[in-house]
Each structure stands twice: as structure tokens, then as C-alpha cells.
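Residues per chain are reported as follows:
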Amino acid sequence: MQEDLWFTMGKIPARLPAGILYAKNHMWARPETGLNGNGLFRHGFTHYAILLMKDVYFLEWNISEGDPVSQSQEIGHIETSKAESGLYCPAAGTLVRFNAALLNDPSAINTDGYGAGWLFDLDAPETGYMNAEQYLKFLSDNWEKTQAMLKGKMNQIEDDES
Amino acid sequence: MSKGKLTVVISQAPGKNPAKRALEENLAASLLMEPGIELSIIPHLYDLGPDHTGRLFLESIPGDMVVLAWLFPRAAFWLLDRDGIRGTEGQSPLHPKAEKDDEDADEPPPEKAPGIGPVGEIPDRTIWCLDLRDHAGHQIYLEEIRRIGAEAALLREGRQAAKQATKPPAVITLGLPTQKKPAPEFTPETLLAPPSRRWYPVIDYSRCTNCMECLDFCLFGVYGVDGLDRILVENQDSCKKGCPACSRVCPEQAIIFPDYKSAAIAGAPVGNIGGLKIDLSKLFGGEDPMVVAAQERDRELVRDGRDAVGLAVGIPKRQTDKPKGPRDELDSLVDALDSLDI
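The listed protein sequences correspond, in order, to chains A and B.
Sequential numbering from 91 applies to the first sequence in this note's numbering.
Sequential numbering from 618 applies to the second sequence in this note's numbering.
Pulled out of the complex, with its shape left as it was, chain A reads as follows (with noise of 0.2 Å):
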């Protein structure tokens, strides 16, 4: 069992569990084996997400199960107590299914978010996802920018597409 990483966000930890993937947009891949092969991965928000969001009050997905969909493609909207956001979808595929017990009680986000706080299992061939530790680089590498961000410079900042 490989150690867990932490970033740090102020003051507060954010837990990287190793051994699985990170989407830039903050979402966690696991892969799924033993259904129909190579490129399915169950998705949920990472810690550092969830840790900005705060408690999750309402979930919301605008595409079926079974839908393809695109990189970027806007599938859902999430409302929380500090925060609302569409939800993008981390990579090109099929959006499986949906956890559907998060929509009567999205909570589990909040309590379980790697476990059963899980989003959507997605069929991607290419994700170009990151391990862990590319993960938390890629989290230091834009932690300035995203307290910026969340300052409500969004005009001021580029897309890291690094």
C-alpha cells in the first residue's frame, strides 16, 4: 500500500490518495475492471475540490447514462455551500452511469469522497489523466493562481495547460 500524498491549502490538508488517477479538473479516476474492459473509470472529486465546495447541496447531471460524450463537454451543475459550478467531463467517452445515490442525498460527497461518494463511471479510451503525484504538482504549480482565481481575478488568469 503505497503512502498517501498531501497539499497543503492554507492551512488545511488535502488527502491524495496514491495509486489512483487526477483529471485537472479536480476529479479522481479509478479504474473499473472486470466490465467491459480497458477504459472504464469510476470518477468522483478529489479532497482539494471538495475541501473548496464545502457541503454539497444539490447535484444535478443534464446527459443520460449512456450518452458519448466530449472532453470539456458541460454534463451537470453542482450547488454547495460556498460554491456552484457546472461539472465538465474530465475526458472523451461514454458517461456509463451515474451514482445514483447521490441524487437523493448528495452528502456521501462530503463524508466518503473517494468511496462511495463516487460521481459517474465513464468508458474513455485516451484520458491523459495524472498519478498522484503529478496531481499534487500540478495542484502546488497552480495554487497561486487559483487563490487568485477564487479572489475574482478570473480575467487575469491563462489556462495551465501545462
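Incorrect hints may have been included.
[Stated by the list, open to error] Here are some of the chain A residues that sit facing chain B, going by a computed Cβ distance under 8 Å:
id: 1; residue: MET143
id: 2; residue: GLY176
id: 3; residue: MET239
No wet-lab data here; the hints were simulated from the structure.
No residue lacks a Cβ here, since even glycine has one placed at the ideal position from N, Cα and C.
Place chain B on chain A using the hints.
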């Protein structure tokens, strides 16, 4: 509107949501029994066109009023202002201005960059706007209306005293008194004639700085300027249904689409940490708001048989090193995220 009575107006939710109707009806029933209250019910405020009886009725109310609507109070207040139904915005504990943590309770409120404010003279009366989405039961609204009733009575006394102190010289009118415009008939039926849905922006002049970015951005002729070169929503019905793009472009969050799904655009109270949400879309993989705004605008242009213009027209080029103006509640709100009291 007899003397000493408080006018209370319930603005119904569009559609037939039974839970919303029930709240409206329960509240109406208890207000009818309430002394000192003059109650009227009108359709959804946002949908009332200039000729709707409900709107004429609102215009005819001379004194203080309470408007209960399925809208954020800020949206309702500036919507009324645009329609010429004006006054001072009444404060209500039902929609706290800022829901701050106690730790910074001692700090003075941050300086707010002043908007240009409403144009012209504001009549000496108060308009309280309450959001019917805040609570499911009618009792809390009833109690708040009672509290407002008491506050309004005090305000009335104050005004009377002021008037007495500065009594104007008596004017003797000679000849026939001028004919007053006959008031239209305000029956429940005409008041509640169902309007069709409308879609247009509402400017919050307490935030608007008259920067004209909305005028440059909108290519549908919705915005114009008045005789004093102040921005205004000139042609409400030229606006494209469902398109909130100009609101994303506004640097002061002064443009409200009261029926839009996201709270920040629908006029959530600025400074209310519980109400106004930080938009994390960009962090979670969404596009820059300017890009989204341009896409929304292009969609409407193409629908009109015009050419899409993308980011080429009317996109503000903000200076990144612009000196910072005085801080306002919205700035402190985002600062609050900084400390992330998790």
C-alpha cells in the same frame, strides 16, 4: 391604501407549483385577517408588461409597501425601480445583508465602490422586498410583515413630524381643481390576468458604474442611455430569452436576470456568504465567462440569421494592472474563501 395602512403585495410564482401556491394562499388568508394591512395579489412581477393591471396597480400605490415575490429581494427591488415604482429599499432580517462569521464582527464594513444609484428623485417611502423562496411556512412571513408594519408606522410618524417642522406656505388654489386621471379598476380578476413570460435584464444601480460594457457587448439593442447618458435597459423585449451573456460581462455583477437558474446571475444578495456562491466552473474545467458569454451571444445571433462574432466584438479588454478601487462586500466574500475555515 387608506391612511395608516401598509400595502402588502403577493406576486405569484409563474406556473402552477402546488407548494408555492399553498404558501401564497396560506399567507394571503392570514394577511386578510390582519389589521392594518391592505393585501393585493398580482402575477409574477417579472412578467408584468407596462399595460398589465397589476403593474398599474403597483404604480398607484403612494406609500410604503411590502412585496413578496419568488425573486431575490435585490432583483425585485431594482425591477420595481425600472418600472418607476421607487422608494428606499427596506431591510429585513429575513434576508440578512451579510452572514458573516463572528470573528470579524468588530471590523467596520468595507468601503463599497458606489454605483451610480437610481436616477431622479426617490419618493420618500420604503419598499420591502421579501423572497418567498427563503422559507416554506407562511408564519415567518406573517411575523415579518407585522414587524415591518410597526417599522412603517414609526417611519410615518417621523415623516409627519418632519413635515410639520417645515410647513410650506399655504397655497390657495383658485379655479377648478385639476382633473385627476381616473384610477383603473383593480379587481382581483384584472390584477391576476395571466401575463406571458418575459425575459430581460434588470440593472442594480447600487452596483452599476455606468461603464457601458453591456452596451458594447449586446448586439440586440437591449441597452441604451437616457438623457443624462446613463445606461438603461431601453428595449426589454429585444432581449433573447434564456441568454444571460451581458450579465457575465458586467464587471460589477450589476446585471440581474431574475429568473436565471444560477443564483449569482438571478440577483442573489451580494455580501451574503450563504447566498452568493463562488463559481468554480473555471476550476472544474469550464470556460472563461467571457467565452461563455460570447458563445451565448453567437447562438442568438445565428438564430436571428446574423453572423456569429465570437470574441471579436464588444469584449472588454480589462487592464490587469488596473489600480484597485475601494473594496466592497463581494471582495470580502471571496477573501473569506481564502481563510477556508474548514
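Exercise. What are the numbers of the hints that this structure violates, sorted from low to high?
Worked result: none
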